[in-house]
Amino acid sequence: MPLGNLTSQFFANVYLNELDYFIKHKLKAKYYIRYVDDFVILHSSKSQLTEWKKQIDEFLKNKLKLELHYQKSKILSLSRGIDFVGFRNFYYFRILRKRNIRNMKNKIAKCKKWMISKDDLLVSFQGWQAYAMRADSYKLRNKINNIINNFSFTQASTEEKLHTL
-3 MPLGNLTSQF FANVYLNELD YFIKHKLKAK YYIRYVDDFV ILHSSKSQLT
47 EWKKQIDEFL KNKLKLELHY QKSKILSLSR GIDFVGFRNF YYFRILRKRN
97 IRNMKNKIAK CKKWMISKDD LLVSFQGWQA YAMRADSYKL RNKINNIINN
147 FSFTQASTEE KLHTL
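Just so we're aligned, residue -3 is where the sequence shown starts under the numbering used here, counting upward by one.
Simulated from the structure, these hints should not be mistaken for lab results. Here a beta-carbon is modelled for each residue, glycine too, at the ideal position from N, C-alpha and C. Some clues are possibly wrong.
Said to hold, decoys possible - Simulated crosslink set (DSSO-like; lysine-lysine; CA at most 30 Å straight-line):
| no. | residue 1 | residue 2 |
| --- | --- | --- |
| 1 | Lys135 | Lys108 |
| 2 | Lys94 | Lys59 |
| 3 | Lys139 | Lys103 |
| 4 | Lys26 | Lys70 |
| 5 | Lys22 | Lys59 |
Said to hold, decoys possible - Quick list of the computed label-pair ranges, beta carbon to beta carbon:
| no. | residue 1 | residue 2 | range |
| --- | --- | --- | --- |
| 6 | Lys109 | Glu63 | 39 to 49 Å |
| 7 | Lys139 | His65 | 33 to 43 Å |
| 8 | Leu74 | Val32 | 20 to 30 Å |
Make a model of the complete structure from these sequences and hints.
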């Protein structure tokens, strides 16, 4: 089943419901968040998290026939930020991933080179802005909005000049 497909998400949620129950009720983890197949557990004790990680790994192998991704399953300090559901999450705030900002800037550059249309850029920007609003990104969104507004005006006037008889 393709990743990102709504059916895949639905079945992941159904299948991993047992994991939710195990973590919440057996391990009694107070701060547990899961989105489809990604999850985070917060705790003040690194040793407690290490023990839970072992138990979760065992539960997944024995009960659900799954394994934790060894490169992605890390115990980190929240002060360094946690990459989760498209954001870099800290204790009191959340920021956008650098690659998401870079992707938006690349689309602007492509539009300037006429590789994508102004309409395609605006559609992308609307989606990006809806995503970016979930982070602490007010200044960044305004900066990119101003770039696009100024560029859109310039490109529109250039298009009119090119097509005038």
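Next on the checklist: So, against the hints stated earlier in the document, which numbers end up violated here?
Outcome noted: Hint 2 alone not satisfied by this model.
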